[in-house]
Amino acid sequence: MLMTTMPDSCNSWQKCRNKTMNKKIHSLALLVNLGIYGVAQAQEPTDTPVSHDDTIVVTAAEQNLQAPGVSTITADEIRKNPVARDVSEIIRTMPGVNLTGNSTSGQRGNNRQIDIRGMGPENTLILIDGKPVSSRNSVRQGWRGERDTRGDTSWVPPEMIERIEVLRGPAAARYGNGAAGGVVNIITKKGSGEWHGSWDAYFNAPEHKEEGATKRTNFSLTGPLGDEFSFRLYGNLDKTQADAWDINQGHQSARAGTYATTLPAGREGVINKDINGVVRWDFAPLQSLELEAGYSRQGNLYAGDTQNTNSDAYTRSKYGYETNRLYRQNYSLTWNGGWDNGVTTSNWVQYEHTRNSRIPEGLAGGTEGKFNEKAAQDFVDIDLDDVMLHSEVNLPIDFLVNQTLTLGTEWNQQRMKDLSSNTQALTGTNTGGAIDGVSATDRSPYSKAEIFSLFAENNMELTDSTIVTPGLRFDHHSIVGNNWSPALNISQGLGDDFTLKMGIARAYKAPSLYQTNPNYILYSKGQGCYASAGGCYLQGNDDLKAETSINKEIGLEFKRDGWLAGVTWFRNDYRNKIEAGYVAVGQNAVGTDLYQWDNVPKAVVEGLEGSLNVPVSETVMWTNNITYMLKSENKTTGDRLSIIPEYTLNSTLSWQAREDLSMQTTFT
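For the sequence shown, the positions run -42 to -1, 1 to 626 when mature numbering (1 follows the signal peptide of the UniProt record, and there is no 0) is used.
Each hint should be verified, as a subset may be incorrect.
[Unchecked claim] Okay, derived cross-link-like pairs now, SDA-like style, lysine to any residue, Cα gap no bigger than 25 angstroms in a straight line:
id: 1; residue 1: Lys89; residue 2: Ser349
id: 2; residue 1: Lys589; residue 2: Val28
id: 3; residue 1: Lys148; residue 2: Gln199
id: 4; residue 1: Lys560; residue 2: His434
id: 5; residue 1: Lys89; residue 2: Lys167
id: 6; residue 1: Lys483; residue 2: Gly391
id: 7; residue 1: Lys560; residue 2: Thr594
id: 8; residue 1: Lys231; residue 2: Asn162
id: 9; residue 1: Lys593; residue 2: His434
id: 10; residue 1: Lys375; residue 2: Asp336
id: 11; residue 1: Lys589; residue 2: Asp531
id: 12; residue 1: Lys197; residue 2: Asn162
id: 13; residue 1: Lys197; residue 2: Gly257
id: 14; residue 1: Lys231; residue 2: Gly184
id: 15; residue 1: Lys406; residue 2: Tyr289
id: 16; residue 1: Lys560; residue 2: Lys483
id: 17; residue 1: Lys167; residue 2: Tyr279
id: 18; residue 1: Lys375; residue 2: Asn294
id: 19; residue 1: Lys375; residue 2: Ala398
id: 20; residue 1: Lys38; residue 2: Ile48
id: 21; residue 1: Lys483; residue 2: His434
[As the list claims (entries may be wrong)] Quick list of simulated restraints, FRET-style, between CB atoms:
id: 22; residue 1: Val345; residue 2: Ser575; range: 50 to 60 angstroms
id: 23; residue 1: Ser397; residue 2: Glu331; range: 32 to 42 angstroms
id: 24; residue 1: Ile229; residue 2: Trp157; range: 13 to 23 angstroms
id: 25; residue 1: Asp501; residue 2: His166; range: 48 to 58 angstroms
Hints listed in this document are in silico derivations from the structure and should not be mistaken for laboratory results. The model shown is predicted, which means the values in this text are computed figures rather than measured ones. Glycine residues also receive a C-beta, built at the ideal position from the N, C-alpha and C atoms.
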């Protein structure tokens, strides 16, 4: 499949624009989908819902994309809008969703991740088939919370995805830790009782040669293994070249001194290799066991991005080469069960191991994040082990009103061995002197945390038009203690065409293993030392509180004869957001101030989401959504919580000319 796409948005956090940015804003990208997908695409499994979508159903499926608080992206949508790097490119077109860096510092801003309702990537939980993915947590957090990571949305090739569910606001709170902004659940295509195979090839050639081209190929094979067993296997290989080192020539801000010749970097390239297999045993009616194993290798192709505009010869020599590699292994066992009385259960255990191998980096001041040419090893490893057990049961209850009660429990353990980030010396050159009670050179590389959770939710159909869903979740974190997260969601029909939806929930996020680890120490000669005249240290703090947010939304939706219109107001009152401290907690013998990660008392995010879908004809659909941010403020510093646009508009006009020919034009 050969596609030519318009270029992506600005490749750096600075106020830069590549040579195609203005052209993209003021023009429409035309995507012509000729249906030339080969025999393999025609042989998609018959149990895949998308394969049954005929011409009439296409517009009906699109109408459901903009439901208040929940959006669904189908395999058909991904097929019509093929993504180059990863599926975050299409997820960002949903209401309330943007791509941004991990912090408002702008550092590492070229590695953009999913941000939902302005809460930042750290508050977006990524799931694959309902199971959390945590590989990005193996990447060190810098002074202002930045991480040099692409996130966790590229572990499944786009062609292997059945659908993507995006939950925003109160509806996401039941998922617990890390879901204060929302949840992205990537659902993969399943196996079947018949033999099916596919092979896909994709090539993306940007309009301008300065941008990196993408090549991708993958295969899938599904089939039976006897009467009760079936399997699914897929593999993937893709490569995106790094942007040219001078892609932003002429768009840089004024620079002097050692930075006079530096340029804002473009987006780095990436090489992905994936293999994944599932064996399913249907051992009884409505009962199944699934054993899954997967392996992925993801390496970057360096494009010049540095944390503090480091431009030495060694750093420049790494352009186009790998400077970090992630190796991810995942294993899971899942039991799904159902009975004739309507009771269902889902139980699984997952082990995920991530090895983050990267060139050693500096940890002090302006050299933080800089490649260390003098390091003893070319690459050092950060190993993260994540184990999760999950069990839930859904009980239909016919008492007074129709109800479905969900009861569940989870246990999660994260263990990290970091041979790179706990190595900042406390004595000698480029240091601030010893810290009482902390080893100067021999600090433990190990850290861990555990979370035990209980949750309950009751979906009550009070009348034919009134649904009330109360919920409660309890989490006990081994370091920060207990948290209670109540929730209430209401859906009220107003006649045949209107629906009023309201929700309120208390969401929760535990601190990271870096933020709670006293052995993780950064040093600066002044930059970042908020209230100090000289240098300072930033140290992990094992006395932190969990972040919490009271999330509220109210939305009104209209549906009739293919038309859909809706508007939703949301507000998140954020408490105890974790940032580098603004007040020194002590001073060592030589006068160096000591700061710790600390809780910021209050912050707020507020905005509006709107959608309008118009069936122009039986074969033409016009879909639109807009997000407008009314407020994003850290009430202590006045800073924004994340770097996202004030408003975002996505508009698509699609024409299903015939069963095997569709065309659409998209404006963002």
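Okay, the hints, checked on the actual structure:
1. Lys89 - Ser349: Within the cut-off at roughly 12 angstroms; holds.
2. Lys589 - Val28: It holds: about 22 angstroms lies between the C-alpha atoms, which stays within 25 angstroms.
3. Lys148 - Gln199: Roughly 31 angstroms separates the two Cα atoms, so the pair is violated.
4. Lys560 - His434: holds, 23 angstroms
5. Lys89 - Lys167: violated, 39 angstroms
6. Lys483 - Gly391: holds, 12 angstroms
7. Lys560 - Thr594: holds, 7 angstroms
8. Lys231 - Asn162: holds, 18 angstroms
9. Lys593 - His434: Given pair Lys593, His434 is violated - Cα atoms ~28 angstroms apart, limit 25 angstroms.
10. Lys375 - Asp336: Roughly 18 angstroms between the alpha carbons, so the hint for Lys375 and Asp336 holds.
11. Lys589 - Asp531: Satisfied, since the Cα-Cα distance of roughly 11 angstroms is no more than 25 angstroms.
12. Lys197 - Asn162: holds, 11 angstroms
13. Lys197 - Gly257: holds, 10 angstroms
14. Lys231 - Gly184: Given pair Lys231, Gly184 is violated - Cα atoms ~30 angstroms apart, limit 25 angstroms.
15. Lys406 - Tyr289: holds, 20 angstroms
16. Lys560 - Lys483: violated, 29 angstroms
17. Lys167 - Tyr279: Holds, because 19 angstroms separates the two Cα atoms, which is no more than 25 angstroms.
18. Lys375 - Asn294: Not satisfied, since the Cα-Cα distance of roughly 34 angstroms exceeds 25 angstroms.
19. Lys375 - Ala398: Holds: Lys375 and Ala398 sit about 19 angstroms apart, inside 25 angstroms.
20. Lys38 - Ile48: holds, 11 angstroms
21. Lys483 - His434: violated, 38 angstroms
22. Val345 - Ser575: 50 to 60 angstroms: holds, 53 angstroms
23. Ser397 - Glu331: 32 to 42 angstroms: violated, 26 angstroms
24. Ile229 - Trp157: 13 to 23 angstroms: holds, 20 angstroms
25. Asp501 - His166: 48 to 58 angstroms: holds, 51 angstroms
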